Every structure is written in structure tokens, then in C-alpha cells.
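The chain contents come next:
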Amino acid sequence: QEDITVAMQLEPPHLDPTGAAAQAIDSVVYVNIFEGLTRFQGDGSIVPLLAESWEISEDGTTYTFKLRDGVTFHDGTAMDAEDVKFSLDRARAEDSANAQKALFAGISEVAVVDPLTVEVTLSEPNGSFLFNLAWGDAVIVAPESIEDIKTAPVGTGPYTFSEWVQGDRIEVTRNPEYWGDQPALASATFKFISDPTAAFAAVMAEDVDVFTGFPAPENLPQFEADPRFQVLVGSTEGETILSTNNKQPPFDNPKVRQALAHAIDRQAIIDGAMFGYGTPIGTHFAPHHPAYLDLTGNSAHDPEKARALLAEAGFADGFETTLHLPPPSYARRGGEIVAAQLAEVGITAEITNVEWAQWLETVFRGKDFGLTIVSHTEPMDIGIYARPDYYFQYDNAEFQSLMETLNATTDPDKRTELLQQAQTTIAEDYVNGYLFQLANLSVAKAEVQGLWANAPTAAVDLAAISWAE
Amino acid sequence: MSRNLILGAALSSLVVLAALVSFLWTPFDHAAMNIPDKLRPPGGANLLGTDHFGRDIASMIMVGARTSIAVALVAVGIGMTLGVPLGLTAAARKGSWLDEVIMRGNDLVFAFPSLVIAILITAVFGPGAVNAIIAIGIFNIPVFARITRGAALSLWEREFILAARVAGKGAARISAEHILPNVANLLIVQGTIQFSLGILAEAGLSYVGLGAQPPTPSWGRMLADAQTMVSFAPHMALIPGVAIIVTVLGLNLLGDGLRDWLDPRIRVART
Amino acid sequence: MLRYALKRLLSLCLSLIVASVVIFAVIEVAPGDPAAFMLGVNAQPDTLAALRAELGLDVPKLQRYLAWVGGMLSGDFGTSYTYRTPVAQMIADRLWVSLPLALYALALSTAIAFPAGIYAAARRGQPGDMAVMGATQLGVAVPNFWFAMMLVLIFAINLRWFGAGGFPGWDKGLWPGIHALTLPAIALALPQAAILARVMRSSLLDILGEDFMRTARAKGLTRRQALWRHGLRNALIPVLTIIGLQFSFLLAGSIIIEQVFFLPGLGRLIFQAISSRDLIVVESVVMLLVFAVISVNFLVDLAYAAVDPRLRART
Amino acid sequence: MSLLEISGLSLSIHAQPVLHGIDLSIAPGEIVAVTGESGSGKSMTALAVMQLLPGGARCDGAIRLDGTEILNLPESRLCALRGATVGMVFQEPMTALNPVRTIGDQVMETILIHKAMSPEAAEARAREVLDRVGLPPERFPLARYPHELSGGQRQRVVIAMAIALRPKLLIADEPTTALDVTTQAQILDLLKGLVQEFGMGLLMITHDLAVVAGMADRIAVMRHGEVVETGPTRHLLADMRHPYTRMLFQASGHRVDLPPTRTEEPLLQVENVSRDYRLPRRALFARPGYHRAVDGVSFALDRGERLGLVGESGCGKSTLTRAILGLEEVQSGQIRLDGEPVFSGHRPNMRIRRKMQVVFQDPYGSFNPRHRVERLITEPFHLLEDPPEGPERAEAIAEALEAVGLRAKDAAKYIHEFSGGQRQRIAIARALIIKPELILFDEAVSALDVSVRAQILDLMAELCRSHNLTYLFISHDLSVVRTITDRVLVMQAGRIVEQGETEQVFSDPRHPYTKSLIEAAPVLPDPEEIRRSQGHV
Ligand SMILES: Nc1ncnc2c1ncn2[C@@H]1O[C@H](COP(=O)(O)OP(=O)(O)OP(=O)(O)O)[C@@H](O)[C@H]1O
Ligand SMILES: Nc1ncnc2c1ncn2[C@@H]1O[C@H](COP(=O)(O)OP(=O)(O)OP(=O)(O)O)[C@@H](O)[C@H]1O
Ligand SMILES: [Mg+2]
Ligand SMILES: [Mg+2]
Ligand code: NI
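Protein chains in written order, with our numbering: chain C, 51 to 519; chain E, 7 to 277; chain V, 5 to 319; chain H, 50 to 586.
Next comes chain C alone, as it looks inside the complex (with noise of 0.2 Å):
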């Protein structure tokens, strides 16, 4: 068998990985149609691509990249110096549409040495300057196919883009002309499949082959106890928290955030919203990641003392507050049950369901909320708690300093240093309720193979999968 069926949740708007937010473009583009300079493989690490090698100088604010020979584009023009500079560029542009805009921020100058040597020069020092390059919103474009992006790809992956049909499916075929090893799969179809309830029939039906990101957990141990399929647990970026507005009252309060924490209780909520699958976090970082720091102890489930904490805070009665819950189900069911755990020690916390259209306005824009449930699922986003007017608006020149140490270090062992005390500070000023760690959740067929468990960023790499014998 040559093909493969995959299906996913949801179905990208198009496919310009550098126009959009949208992780499902990186599930179905990313490595197999575009590459970057640099990719993610699935243990999370950052590994060259286009870029055959690079040299760093001394003050760290200059990269020169090698540029792999003989790559060329689908369309047969050939990928060069001028290519990458033209991806860079327009990434920063000034009406620039990437969503993810500040990771070339740090960018002054892309320079062309020669046909396959870029120059890219840095304001100033950056630690994860390739890390960020490994990103989707980073892939390398050609100005030639750059109108019809959206509709019809165009990069030099091992996969070229063959048919979209609009609410069902888009397929791809095997590139015949890819630089590299040809992949084992001659022709994939991903399958746009966002109802739970639909993913498990099309699952058990054998319609697909392989769900990444399979939405209805419940249903995983009717898989693994089916000999047809093969269930892959494994862990994504998403630390998904109880997001609280730090300015709104009564969450400027110190107090009332630590009750916060110790009235949740993190177990019931895995078990009750994900079945079980999620890693407890008492802090905004994932565990897989070697800085990581076990700090649940923290904010252990204690509602005698979250009582306490309350009424030492004025709120013996407790007090009302909001809970808005956009669609996934880890918010949606997490927040039922939030919501019931708090009612238990006098919180209550009013639910509104939103759509995700909604949620940027009113919550992540509008700052017009008391708490949310969601998953951030951008690796490596410590960062943004040294944004004060981020939406859940925590101020704290300390940890803004800390921050701004850890960009400018490249030390590793620092830099662990560095990030733990990060963490540390957070849990203790207990900025959010800090929940688990989503779970990378994969059904397949039994004979498939080299599926990625983890997800360190949205892709299915298409070229490590085949089908055994």
C-alpha cells in the first residue's frame, strides 16, 4: 500500500503557512510541501533543511547559511539565496500578514552572498534565532508561485500539492524531483473531520487511516483494546491553564489566585475532561522539556485552605465571577468541571461558551474577562508573561528582566537556570491556574509506522511514515 488517509480536526482556510495562524496549514504543509532553513523533528529538536549548515559569529548577531545544492521548487524553478532572502523579507515586511510576525523582529538585514550562501544579520543576539527559523510561519517561498499561494502551493517539500476539495479533504502526491530520499507513501489524502462523534465512526469504519489530533479521548480505549489500530500518546507544547485576568479585581489580589490554584483539582480534571491523557503542570512549561520543573506541589488541591485564602482576601462568601470557554472540549469539559470545583469552596464562575472568533475579541483583545480555560500551544512561550499588556495582563518588572537576560543568553546551563527560575516565579505568584499539559493523541492503523507521537509543533511528516509489510 502506497497511500495514506489522514485525518484531522480541523481544515486549514488555505494553505500559506506564512499568512494564517492556523496550526492545521502546518498539519498538512509543513515538511511536506514547504521547508524551512531549519526543521523540527519529533523529539523536538531543530535539525538544518535547506540550510545545509551555518556559522554563528562571535557576537552572535550574525548567521551565514550554507544553502543545500539542487533543491528546486515544484514548479521546477530552482531554490536559491534570492528565494530565501524574498521569504525573509517578506515575512517582515511592513504589511506583512505572518501571524507570527515577532520572530523576525530581531531581524536588521538579509543579505545575499552568493547563489546558495544567505547572510541574515541580527540586532541583536537571539538564543532561539533557529529554533524560530524551524517554525512554519519561516518556510521558505518562491516570488513566481507567490500570488496563488493560498490555493495552490507551491515549495520544495517531498509532496506536491494535487487537489483541495473545499470541507472534505486535500490531497498531495510524491514529488519525483525531491532533493532528498523519496518518501515511502506515493499519494496521502487528509481528511477534514471536525465532530468527535464523526471521528470515532470514520476511525472504526476504516474510512481513514490515521487521526492526528483525535478530539474525543473517551474513545481511546475502545481502540487499544482493537487490535485493527494503534493508539499514540504523546505530548504536545499546549500547557492549558486557568487563564485569569491578573488586572480585573478580585484576581489583582495575590490571595485570591493562590485560593484559585488550591481549589482546582488537577486529577479530576484530566480525568474528567481528557480521560485521563495530560501530564498536572503547576507551572507554564512543558514537562517533556529538560528545564522543566515539577512545581504542582504548590498549588495542590486544598479547599480548606483555598477557603481560608479567601476569606483572609475579604471573600468568605466568595465572590462571582466569568468563565468563558471557547470550542475545544478540553475547555469546554475542564470548564464544567472548574466551574463545579470552584462553586465548592464559593466561587461562581458564570460559563459562556465562544467561538474562537469570539474568545480573540472579547477575552484575548478585549481583556473583558475573569477567567478562561485554553491551551498554549506555541512552544517555548514563557515569554509572554513578560508581556504586561498580554491578555491575562500580569505585570512584573522582575520577571521582564529575567526575560530579557534569558534572550540575550546562550549558555545552556544558564539558560536552564534562568528558565526554572521563570517558572518559579510564576507558580508562586500563581498568575494562573496552571492545569496539564495537553496530550498528543493519535489513532492508526496497526500497520502503519513512524508516526510522530509528540507534536512539537503541528505537522504530520508525511516522509517518515510507511506502511509495514
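Derived from the structure by calculation, the hints contain no laboratory data.
Residues of chain H placed beyond 10 Å of chain E at every Cβ, according to the derived structure:
hint, residue
1, E441
2, A445
3, S582
Where chain V lies over chain H, by a calculated footprint (3+ residues, C-beta under 8 Å):
hint, segment
4, 118–130
5, 135–148
6, 155–163
All of these numbers come straight from a predicted model, not from anything done at the bench.
By construction, the Cβ of each residue, glycine as well, lies at the ideal position given by its N, Cα and C atoms.
Dock chains E, V and H with the ligands against chain C, hints included.
The following block gives chains E, V and H with the ligands in isolation, referenced to the frame of chain C:
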């Protein structure tokens, strides 16, 4: 009294009774979660089993009946209080521009795909029972306006209305004194049918997450929650489904029975 | 006849204008910015502004309304914000699923309802009638999404006679397409069939009590002959109304069913578009649906005239 | 041998007895009339012969049709008989035809269903019978739809359908009750002609003794599901052994004793009144057409005078009534009561309205079924500025009810607890309660049985004596108008074509229309005269 009426009344009052009793007593606290005890099948301590949060389904069904009834009742109320006067007015002013405007307005509301508009309304004003009521209620208005107008028009042709006009009564007074009591039966029957449709609509909206919000239990949301669990916890889907079917069936039978009982000649629009 | 058609056409246009205003107004006040949705949490204000300008969201509302209506009149429904493809094209693609589904369901519903209704009417009060009426009562009471869930559970998951959903596309052949639409069509059709059968029955019973049915019997027609020759066509008038209403309902109301069976139809498009605030798509699809309902009603009115010569004459 | 022989026929519907031991026979070429009051079982007898009885009906006895016993005959044999051996014409021509099929189609169906001839021959035969019933091909092609015909024309189509296969027996159940006198005369002539021509037997059901007398060979009088008297027409009319027959006969020709008019002062003045109804527009932007229902009508009514208004259905009588009542605005002319206009400045004049009351035709439809009698009859109090309250009101109610021969305690009942005649009394009580100066009776006795009608007419004469009534009596029934009015107006197509003293107009009509009306009206023969001519004592 027909069999329909008796069966319908029995089923409907069962549901209403369950809703009323739930104010005083439910087997368990309907909102109390007990996650270790989740997904218990029916029988045992929890008569109808527990849901995915370990809540008692029997209690949730009872309290959910409250939500369904309240939403449908208020929606029908909105439809009646606005639709009936509109229908009476249109009939009283038959052929005038007012009649024309009212009837074209009705057609227009009918022309909107109701579910889509309900989704839009909840998208604009946020999901919740109140907005579900408004969304369902709006589509009840033309139903009642139309049926009232139709019945009133034929009444206006009757000689006793002419007699009232001879007695010097104005259109408003005649509508209130003579037309309304004579369309009341029809409205009661249509009311029960709209009521049952309201329950279905509420379930549908809650199913897509736009109806009553947690922790208020709602049958439609219970179904939505049960969706992914049908294959291993079918009771979670079956029980609310049966509750909806029983209620709607009961109300429909009641409507049919009432119609036969009150007046075998009246006709009811059923869409 | 022509005058009648013209008059209806005029009121049709008027309704469409009012509908377009209502739709635009309702959708414009919905909170949620399409650009913000597209760019996600890390978007920067200048990026947002750039995208808003690109999408044409920064011009005044009235101007947008006029552009939208003007565009539709010339067949240009605009460009989807999120998909960046012409809305007309998207709608056309989705219609290829929704329309066959609606027609399929309608055909099923009529195919079930007509015989059932006629059978019940012909055996009024007898066990056959009671059985049919009992079944229709149940059919009316079952929520179609629940029914759909049960169908999937039984026929797709347990028996595996049908796929659990999805649509292969008509280019894969007629049969796979029909096969894929069968369960959704059944889920949609059964409650509608129940309603239609009831209408058919009561309409026939009304007609059976008419004087001319007695006249027909006095001529020597048997009960059955009288029913077929004189009853059916007269009974069709209320039934037509319901069929018209049902068609529009099926076209627009399959949102939930399309969701359950993950069919790439209009209903799902509108659901996605609402959640991603793809306003132009929402507006155009709703408008299209309203247009469909209004014109189906128009056609039904014309069909009346074909069935009933009295209407032909009056107009 | 008789064509139809009914013997000992009993019928019950859902165990409720309806007919008891009916005996009746018809010979070929004979016209037998069945008469009797409403509900006496006439229609059921006819339907029993057709075996088209309502559900739950059980027949006992024997019905032999052309030598075949039809009770217990299987349905298929019955179907073969219906339409071929026996045809039937029903009362309501407006609804007896299928609105969505052409008349040719429906007439041909009778022929085709019995496979009597080829479709072409059937078409020719359909054409021929339609011709025969007076619907010539030039004006009435087979492709016409029923709604394109008038009531009388439709009744002809129904007759054509019934006689298309020349049945041996034709049953006609009140075939002319819904029609005008002139049309009625034509249809009756047609039926008589057909009987002669084809030698059919005709079973004719009617409650109108005058019609019966004019055409039947034999009469059967029914009452409460029994035939109380039967015999050849002349014998029966001359003898009338059964008291019921006598009562029926007397009630049919009932004449009342009107007191003389006393004053001469004018009360109602109608001057040159026209009333237009707007017709639907013919084209989208064309000017709508108008139908002039009342056309330049002028007359005056004196206080204490009883004025009649006769004319065919649709000639504008009711429209004129509504105009006089000030319910609708007229397009031209003036209506004044007591010197004041009933309608001024586009509004009805309430001061004048309270001087008028009206009694309608339908004793069932003119009351709100949900109110009690006291509320129903006090409705006109709404017109008064200061309506009586408490005991005064109760007294007024009692007085009005007693005036019409009911009891004061009937006030607490609902309308469904009264018979048709009683209801009409209540309608009159309602009109009397505010002591109006003018009462309009719009077909007030047309829906009543003859015996009840006689009572109501007596009541009116009685009230004239006690209350000195002034009224306008509208009817299409000439004999009634003749006895209850002093003066009469004859209306045709919205115009008054003749007016004068009642007796004079009837005995010496001037206008051809009046003449045709009077000629067409069937008259009850004088039994004395029959007796004399037959040599009976
Ligand atoms: N469908 C029915 N079910 C039960 N009883 C009926 C039905 N039709 C008629 N009857 C009863 O049978 C009796 C005879 O009715 P029938 O119609 O023969 O009267 P009729 O003499 O034709 O009166 P009319 O002059 O009013 O037509 C009445 O008492 C009536 O109430
Ligand atoms: N509301 C109306 N709109 C249009 N035409 C009307 C209306 N009412 C009556 N007409 C027409 O006016 C004419 C007179 O009607 P009207 O009711 O006055 O007749 P009528 O003499 O009372 O007849 P009948 O004896 O049948 O009661 C008829 O041709 C009728 O069709
Ligand atoms: Mg009769
Ligand atoms: Mg009249
Ligand atoms: Ni993260």
C-alpha cells in the same frame, strides 16, 4: 375523550411532574460531580446511571425537563403574545396595507432558515437559554399570526360578527370579545404543537452548544455530551433521547387529542 | 396567470431586499473580527490592520452593503475572507452536496409519505391507519440529529454497511456519491416523511368528505377509484405547500446532519464560516438560502395553479 | 312491475334508529316525491337506495331495484348498478363537482367507468347529454371547469352525469333548494322532460310542498323516519288523512294577519344609492375594475310600514341591507333615517345606528357560541350611551325574551341548547331589546322548516300589533313576502325594477322580471279546488 388525549396528557404530565418535583427533590444533586464514578450504567445507586462527570443522569433529566419546558413555554408565549394580536389585526383590516405588511413580514420570517438564524442570533448575542428562547420565539410569531388570521378571517364572515358590528362594536372590541374566544381552541392546540416543536428546537440548539449553558442541565446538551460515548456508554444518549421523544410525543398526542375533543373541525398547521 | 406570476415576482423582489438588509445588519453586529481570527494570538496590530485593509473591512458599512448587494446582482458574491477563494465558487461546490442531499431526502420523504398517507386515509380508523399514525407520531417526535447518531451507531459502526460519513465527490462516480448520502438522507427524510404523511392523510380525509366524492361514488366508482381519480389531485394542494416548505428546510436545515456525517455541504460551510467570522460567506449563504426558500414558495404557488384550475382563472 | 320496491326498510346509524319500516315503490316513468321536514329521513332513504350510507349504518328490510335485491349485494355489484341503473343528483351544485376536472371529463367518467362504450363514443354521448340538459356546445365546451359555470348550470352538469347512461331510476335529493326560483323552474322542467323522454323513474326529494304538488305523480310524506302518508298526488292533497300532512300543508301556505299601518311619516329615505365592489386588478398596473352591486336605488319607508324586498340571489339585497345599517360606505347617494344620514364623514353615525336592528338568515351562525343568551341579546346595549344596569337590565332581558315567546330564565343558557326556531326568536329578541324604530329582516325565515317558519311569521305579526314595528323584509321567497308586507320592492341586478302595494304587484306585475319571478314560483294548490275537480265530497 380519545385515547390520544389520555395518553398524551399522561405523558406530558409525567414530564411536567418530573420538572416540578425537581424543585423539591432529586435523587442526587444534579450538579455534583463524582469523577471516579463516571459512566455508571443504569441500575444500582444511580437509577439511570451516571454521565462522564459522574453526575446522576436521573437527576439531570428531571432538572433538564425544567429547562426544556421553560424555554419552549416562553418561546410559545412570545409567539402567542405577538403573533395573535398581529393575526387579529391583519384579519380585522383584511385587504388593507396593514394586513399586507403583516402578512409579507410573516412570509419573510418564514423564508429565513430558522436554524441558521438561531445560530446567528446566538453568535451575535452569545449562546444561552434566553437567546435560544428569542430565536425559537421569533419563529413562533408568524405561525400564530398566520393561523389566527386564517381562523379570524372565516369568523369575520360569520353573521354573529355582523350582529356585533350592528351593535356598534369596533374592530378591536369585536376581535377581543368574539374572535379571540372562538380561536382560543385552535390556539391551544397549535400551542401544544409549537410547544413540542420548541422542545425539539431547544434540544437542537443545545446540541450544537447554543442553548442553555452549563451547569444548567439540558437534554440537548446531554445528548451532545453523549455523542462520542454512544459506543461504550449508550445510556448517556438513549436516556435524554427517550426523554425528548416521550415529551414531544406526549405533547403531540395531547394536541391531537385536544383538537378532537375541543372541536373536530379545526385544522392545525403542522410544520 | 401572467399577472399572478408578476405580482408574486414583485413581492419576491421586495422580500429579498428586506432580507438582505436584515441579514447584513444582523451579521455586522456579530462580535468577532475575521482578521483577528485569521492571525491568531500572536498577531501584531500593524499586521492586523494590513489584513483588514486587504479584506476590505476598513470601509464604511453602508458602502460594504452596497458593494455586496451590487456584487450579488452581477453574480459576484465576493471573496471569502478565510479561504481567499470566490464565494460563488465555494457555494457552487457545496451545493453539489447539499442540493442532491436535499433532493434525495425529499424524494425519500415523498416516497414514504405518499403511500403511507394514502394507505392510512383509505383505512381510516382501522388498525392499519392506527399503526401508520402511531409511527408518524413517533417520527415527528424523534430529533433528527439523535436519529442520525443512532443510524451511525447501527449502520456504520456496528454493521458497517455504510461509511460513517464524508463524501467522496461525484467524480468518483454516481454510486459512491449516492451511497455516501444515503444515511444522511434517511436521517433527514424520516421526520419529514412523518409530517408529510400526516398532512397527506388529513388532506385526503378532508377531501373524502367533500360532496363531489359522493357524486363520484354515485356514478359507480369504487371507493379506491374515487380516491385516485378525484381525491388525490385535490388533496395535493396542502401537500404541495408542505413539500415546498420541506425542501427549503432540507436545504438549510441539514446543518446538524451535515455536521454529524461530516458532509462538505452548505450547512457545514455556514457553520464554519460563522465560527471563523467569514462574514461575507455567511451573508451570501444565508441570502442564497432565503432566496431559495422564497423562490421555492413562488414555484409552489405556480404549481398550485397547475393543479387547481380555479387559481388559473382567478389570475 | 315496479322499478324500485322498498319494503320494511329500517336504518340505524351507530345503533341510533333513523328510519323505521319504510315502504315505497316507483314504477318506470313515474315521479315519486318524498317530502317532510328537515331531519325526517328523506336523504337517508335515498342514500339507502344508493347504498352510500354514512359509516356505521345498518339496513334491515328489503330494497329491490329493477328486480335485484340490493341489500347484501357485494360492493362490486353495487358499483355496477350505481350510475348505470340508478343515477343521483344532490342538493349542492356548487360542491358536487370536482373543481379540478373539466365537466366533459366528469360526465364521460360515468360512461367510461361502466365500460359502456369507447372513449370516442363516450365523448359524443357526453356532448349529447350536456346538450340535452341545456348546455349547448357553442357556449359550454367539454373543456370547461365547474368554477366557470353558475349554480344552475352546474346542477345541469350534475344531472347530465346522472343521466349519461340513461339509468332506469333517477334520484334527486333537493335538486333545486340552492337555486333561484327561475332556475328552479327550469331544472324542474328539465327533470320532468327527461322522465317523459326516457321513461325513467324519478325519486324526488324536497321539503317544498308546492314543488311536489306541481310535478309528482305520487307523494310520500315522512316524519321522524317513518312514511306517515302516501298516495297519488291529487288524492293525497285532496284527502290529507294524517294530521301531520295537514299541518305541513297549512304551514306551507300559512298567511298571517297583519294589523293595518297607522302613521304616514317617513322613517327611512334611500336616495339614489350605489355601492361598488372593487374587483381584483386585471393587469399589474391596470386600474382595478368595479362591480356595481347596488345601482341607483331610491325608496322610502314610512314609520309603521312593512316593506318587502325580493329578487334573485346575488341581486344586491344584502349589500343594500349593510348600506342601510351604515356598516359600509356607499359610493353615491344618501341614506337617511329619521332625517339624519346613517353614514357621515366616513364614519357610521352611532346615534342613528341605535334606531335600527337586524335579524339574519342563519339561526346557527348569528350567535357567538361561547356567550350566554343574556350576553348575546344585550349586545345592542353597546349602542346606548347609558345602557341599563343591574335589575333594570335583567328586566329588559326578560321582557325581550318573553316578547318572542321564550322564558326569562332562558337567559342563562347557551345558544346550542336551542332549536333553530328558538334561535330565530332569540335573534328577534336581540333586535327588540333596544326598542329600535326599524328592523331589517335579511332572509330571516329562509333557513327554517315550514312549520317553524309559520310560527315566526305569526310572531312577527304579533309584534307588529304589540310594538308597532317598522321593518324591511328581505327574501327570495315570494309567498312569504306576500303575506308579511304592505309594500314590496323588486330588485334585479342591483336596481329596483318595480315597487308598489304588495297585493297589487303580485296580482298585476308590470315589469317582465317581476312577471317571470311570479310565474316561476311554484304555487300550492288549493285542496278545495282539487276535491271539487275530482268529485270528492
Ligand atoms: N352521518 C350521520 N350520522 C348519524 N346520524 C345521521 C347522519 N346523517 C344524518 N343523520 C340523522 O339521520 C336523520 C335523518 O337525516 P336525513 O339527512 O335523512 O334528513 P332529511 O330528511 O334529508 O333532512 P333535510 O331536509 O334537512 O335534508 C337525522 O335525524 C339526522 O340527524
Ligand atoms: N365583499 C364583496 N366583494 C365583492 N363583491 C361582493 C361582495 N359582497 C357581495 N358582492 C357581490 O355583490 C352582489 C350582490 O351581493 P348580495 O350579497 O348583496 O346579494 P343578495 O341579493 O343578498 O344575494 P343572496 O340572496 O344570495 O343573499 C353579488 O354579485 C356579489 O357577488
Ligand atoms: Mg336531506
Ligand atoms: Mg343575501
Ligand atoms: Ni506552550
